[in-house]
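Novice: Residue numbers (the numbering used here): 19 to 118.
Since the hints were derived computationally from the structure, they do not count as laboratory data.
Any given hint might turn out to be false.
[What the hints assert, rightly or not] Taking CB as the label site, the calculated pair distances span:
#1 Q114 x L31: 43 to 51 angstroms
#2 S57 x I113: 16 to 24 angstroms
#3 T28 x V59: 28 to 36 angstroms
#4 I104 x L58: 42 to 50 angstroms
#5 L26 x F116: 35 to 43 angstroms
#6 L31 x Y115: 35 to 43 angstroms
#7 I21 x R92: 32 to 40 angstroms
#8 I48 x I91: 38 to 46 angstroms
#9 Y115 x A20: 43 to 51 angstroms
#10 A86 x F24: 27 to 35 angstroms
#11 A110 x A54: 20 to 28 angstroms
Small disclaimer: the values here were computed from a predicted structure and weren't measured.
Ideal placement from N, C-alpha and C gives every residue a C-beta, glycine not left out.
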Amino acid sequence: MAIWRFWLNTLILSSQYNPPRFVELIMLWIALILLAVWSLVPFWPYLVLSLSFVIGSSISILIREAIAPSPYIRATQVTAVLMLIISIYGLADVIQYFNW
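All chains, please: the whole structure from these sequences, using the hints.
Specialist: Below is the structure:
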């Protein structure tokens, strides 16, 4: 029980300390879970939803870094831009699954 309480307190503290970063982290975890579901059940809506979560969190990271830079601004921006490029490329690749 103490382990669960520790993780709950850590989660609450991190959400209070930096809420935008916490929301971005949750979005990325949901994207990872959706990618895992997509790898088991290859329906394109899971992939599209996952990539849209990654795009949203990447844009949020870039905006947050522009407003309030962190000590690791260059690494954070490069990572966010790479996630954005890969996600947009993935969405462009998923267009083939649409039935027009």
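Novice: Are the hints correct? Go through all of them and say.
Specialist: Each hint, compared with the structure:
1. Q114 x L31: 43 to 51 angstroms: holds (44 angstroms)
2. S57 x I113: 16 to 24 angstroms: Holds: the Cβ-Cβ distance is about 20 angstroms, inside 16 to 24 angstroms.
3. T28 x V59: 28 to 36 angstroms: With a Cβ separation near 32 angstroms, T28 and V59 satisfy 28 to 36 angstroms, so the hint holds.
4. I104 x L58: 42 to 50 angstroms: Roughly 21 angstroms apart at Cβ, these two residues miss the hinted range, so it is violated.
5. L26 x F116: 35 to 43 angstroms: holds (42 angstroms)
6. L31 x Y115: 35 to 43 angstroms: holds (41 angstroms)
7. I21 x R92: 32 to 40 angstroms: holds (36 angstroms)
8. I48 x I91: 38 to 46 angstroms: violated (25 angstroms)
9. Y115 x A20: 43 to 51 angstroms: Roughly 47 angstroms apart at Cβ, these two residues keep to the hinted range, so it holds.
10. A86 x F24: 27 to 35 angstroms: holds (29 angstroms)
11. A110 x A54: 20 to 28 angstroms: holds (22 angstroms)
Hints 4 and 8 from the list above are not met by this structure, while the remaining hints are.
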